[in-house]
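Q: Protein chains in written order, with our numbering: chain A, 1 to 470; chain B, 1 to 431.
Don't read these hints as lab results, they were simulated from the structure. One or more hints might be untrue.
What the hints assert, rightly or not - Some but not every residue of chain B turned toward chain A, in silico, with C-beta under 8 Å: (1) PRO145; (2) ALA174; (3) GLY192; (4) ILE197; (5) LEU209; (6) ALA270; (7) SER272; (8) THR406; (9) PHE410; (10) LEU424.
A quick note: this is a predicted structure, and the numbers were derived from the prediction, not measured. Don't be surprised by glycine CBs; every beta carbon is placed ideally from N, CA and C.
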Amino acid sequence: MSAADTLADRFDRFEDTPRWLLDVGLIAATMGSIYLLFTIFTFVGPAGGTFGTVVANLQTITFWTALYAMMVLALNLHWGYTGLFNIGVAGFMAIGVYAFAVLTVPPTGSPPGLGLPLWVGIIGGMLAAALVGAVTALPALRLRADYLAIVTVALSEIIRLTLLSTKFESFTLFANLDYEVRGVEILPDVALGTGAGRGMNIPVNPSIPVKSIFYTNPSNPAAGERTAVGEVVLGAFVNAGVRETVVVSLAYTLLLIGVVALFYWLLVRVGNSPFGRVLKAIREDELVANSLGKDTRMFKIKVFMLGCALMGLGGILWEAQRGFTDPTSTTFRPIQTFYIFVALIIGGAGSNTGSVLGGALFASLLFQGPLFVSRILSHLLNLGDTPSSFAAAIGPVFALEVGPLLAYAAGNIEELRFVLLGVVLVYLMQNRPQGLLGHRKEVAASVPLIDRDGNRPRDAAAADGGEGDE
Amino acid sequence: MTNACMSGVDTGSLASVRSVVVERPKLALVGALGGLVVLDLLFRLAGFRLFVGPVGLLGGELAFERLLTLLWDGIVVGLGIGLAGIGLSMTYSILRFANFAHGDYITSGAFAGWAVAWLIAGFNTGNLSDNVGYLALVGGAPEGPSSSDLGINVLGTPLAILAGLVVAGVATVALALVLDRVVYRPMRDAEGISLLIASIGVALALRYLINFVFGASNRGLTAGGERLILGGVNGKIALVNKRSTLIVAQNDGPPADAFYVELPVVDLGAYSAEIISVTSVEVTLVVTSLLLMYGLHLLLQRTKLGTAMRATADNQDLARVTGIPTERVVRATWVVGGGLAGASGFLLALERGTLSFNLGWVLLLLIFAAVILGGIGSVYGAIVGGVLIGLTSSVSLVWIPSSLSTAAAFAIMIFVLLLKPDGLFGGVRTA
């Protein structure tokens, strides 16, 4: 049907090559093409092509790819594996980030926190997201898919509005409970807060360990010195024309890629386990799974919690590394959930490799691509100033002058990007709802399906990887 | 359990209460909570506080006038939401999917209607010639006459309001039909969830196209309208049109030159307070909504089209077998649902006095809450649900800060979904 089909078919022809190797090859080929494209973009772009700018741009692309791949994999567990239509992803991310922040921000901070170490914060953030997931899942999973969708999106709005409410800007736990046992208060007052609209500073965050590789004072690099490693690595890159901050971001991006690999591995393990087979059975037909004696509600709650924990971790790695968060952050806007959904649908729900590919294609072509293209267009066509309103842009069109309209479009590329996103979503749902890789078969048996002659009966005992075959 | 018994005591027989608690624990719980809320409201109105130790358990302060204002606000917003929800409910029952783009249909209608209203008002005030672009963008451009220069209000410029309302409806109908042809019709046989995802795509494209054309600013629309205030003046109940008149009357006696009508009711002693204030835009919204709802009721119950719609909602295959042109019914659904969505968008923007490209998206969840509360698929359920959601988010201000009132409405919706997923009018589809 499309180029992607033939590509996938061509890969399917490598019968004897292990599946994982093909997947790695596919991801590498995709990333290679994306890198090539953005290298070209860099060379024709306003900043021009040097080693420094190329590295900086490719770093940006990889960073967003890794973030989206991470979130898409987590969502794949819900929607792809189990068929749970969760559109409250942003809310679970916010829970993870705020739990992390409340746990790690020092008690002297404003708003104050508990001042616990980083790893406690990460585990706590994941647990909090999982718990909120359980609270949502316990009752909501009985509902039909469209009701679950509305409940999850409403929940993510409740979370966002609560974080935004000045009611919880700063508060004190146990303030009214002064019970003393032998002069020692058993529930001491604990000052906490969300900072409401003012946001929260997060001094202890996931970027600190990465920065500590390069700097002796990771929370404020300028105040300290470079470490031995930092001296060598930073020195080499800076000599090659790469900015220091880009190198540090690159190191953090490598960490993210590691986490993506971890998520991927975890999902493959889950998917191939007996637990994962029940999940796929629930997705295909919950009634059948139920009548075969599986307590499908329990399975759904567990997988919902696991997915939410991963979303919480993703949120922490995404948002907390900036060192600051507030409820209006782009990371938590409801739109974020739809970004992640679009990425999953591009890649193909149910396929882990598809999830990573979807994350990569979304982050590069749909998310960053339009920005690059608009910058290049305004650079090459010399569009001049952006008209102040649509009226000023459309007026000259009647005089057959499209320049102002183009300049207006380039100046408001972020809005047009959403329009493009919507159009892509509609197009995919109409023409290829299974995405790029959602059509692939996944072997569902736990024993090797090789008959005595050594042939793999490819289509026997296989479960659909996604929405079903064409 | 104890709570349930407490609220049930006044119903009399303890045995029947026990059977309700045992057999329908959820109902008992909701009844208990509802009873508590009502009890607390009564305590607050009476200014009575129930303490257990140092902790205030129930009651507090609540002026009767404030409750009345909250109720009126809730009804106004609720009717707007109910009107907007009808289309959502109809598309759900006939096309069988939750249309996430519905909120943006509302925004589209509001912008189309207000562009026309502004152009007419600009013509009236002689501002049209230099500012066509500005007026058509509802003030999206940087310079032009302000909303108070245009002076749009229901009594002063009824033509602008009426034309805006009609255009809002018609434009949204056209939009809904085009989108149906392009997006939904090729997917007629797809599952509900695929259609839902496609509608999210439509929502994104539509909202940001509006943002692209009209800009992101939150613009003021009207010059503020007339208002009618009912108040107590030293024991007399009077109608005035300005807050200042009421204060003058309370202090120095009835003024001679201002609008002041004393109502022939019993003397209430020294009672002096503002009871309720009703603005012209609120009345416009309420009256128009009720008229449109009554028209829809007649359409559904009295015409052949209405019967066909109800039949299609009930069982599409059976309807087709009996010779009902279902595709035409689907189009009629978009026409009615889209028209009401556009009109509600125009009216809600009128009531708020401001308009931004986020209007419908922000309202969408509240509308979903209303529709689900009433029983998704039921038109009357959508109206009742809308009023209940409006009242909830308004009266909840008695207990929680305003920043959380929307969250409270969503929480109510989630509870309804959990306790009674079919909603109040559940099982009745478009009847």
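Q: Hints broken by the structure, by number, lowest first?
A: Structure breaks hints 1, 2, 6, 7, 10.
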